[in-house]
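As you go down the protein sequences, you meet chains A and B in turn. Mapping to the numbering used here: the first sequence position 62 is 89, numbers consecutive. Mapping to the numbering used here: the second sequence position 52 is 56, numbers consecutive.
Think of the hints as simulated: they come from the structure by calculation, not from any bench. It cannot be assumed that every hint is accurate.
In silico SDA-like cross-links for lysine to any residue, where the CA-CA straight-line distance does not exceed 25 Å [claimed, not checked]:
(1) A/LYS65 with B/GLU106
(2) A/LYS30 with B/ARG48
(3) A/LYS65 with B/GLU63
(4) A/LYS65 with B/PRO12
(5) A/LYS30 with B/PRO65
(6) A/LYS65 with B/MET26
(7) A/LYS65 with B/LEU49
(8) A/LYS30 with A/VAL112
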Amino acid sequence: AQKVTQAQTEISVVEKEDVTLDCVYETRDTTYYLFWYKQPPSGELVFLIRRNSFDEQNEISGRYSWNFQKSTSSFNFTITASQVVDSAVYFCALSRESGGSYIPTFGRGTSLIVHP
Amino acid sequence: DAGITQSPRYKITETGRQVTLMCHQTWSHSYMFWYRQDLGHGLRLIYYSAAADITDKGEVPDGYVVSRSKTENFPLTLESATRSQTSVYFCASSESRGDIGETQYFGPGTRLLVL
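Sequences and hints are given; from them, build the entire structure.
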């Protein structure tokens, strides 16, 4: 069975601090994808990034960066110089093949609160 | 470009009533999904569909029924609503090119309250 663990339920920081959201996953598959989604207070879910299991390169997009380490089954997300607009719930997800289809599994989410 | 829409956005119903939540996407995506979001549980998959007339159970299917007669629509029905089905429901869709890494695009959600 696959599993995604986001151990941090809630993180509170002050604006301009750096913050890392942890994501640890479990799967027996060699081929899988990992995702991060953002859910701001307005409620919609917004795609941020996806990474396949064969690509361990870290990725940076503006103030966002992602660190994928297969050795520790982790796909952590760092926000540099956080801003109030970063306040949201962030979900990590794992997608793998099952019987010709694929079923994604989401973590329980980490609520990030950025104070001015 | 409407993308993916859900209706109603808010619904209050009573225990035992039948409720149908609608989901419509304009991208002709093959895959569609229904999730429920509850505090402490994150997003849990209820049902998904790989194509028209093909549906399958997710993690928490009990008490729900789905159908997909057209590619663009994926309604979710609570045949006899219970209080435990009070939740926020999200519909999502994704393309399928045989690639398991397809990104899902989510609708705005439906807040359902069962009294």
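Hints not upheld, ascending by number: 8
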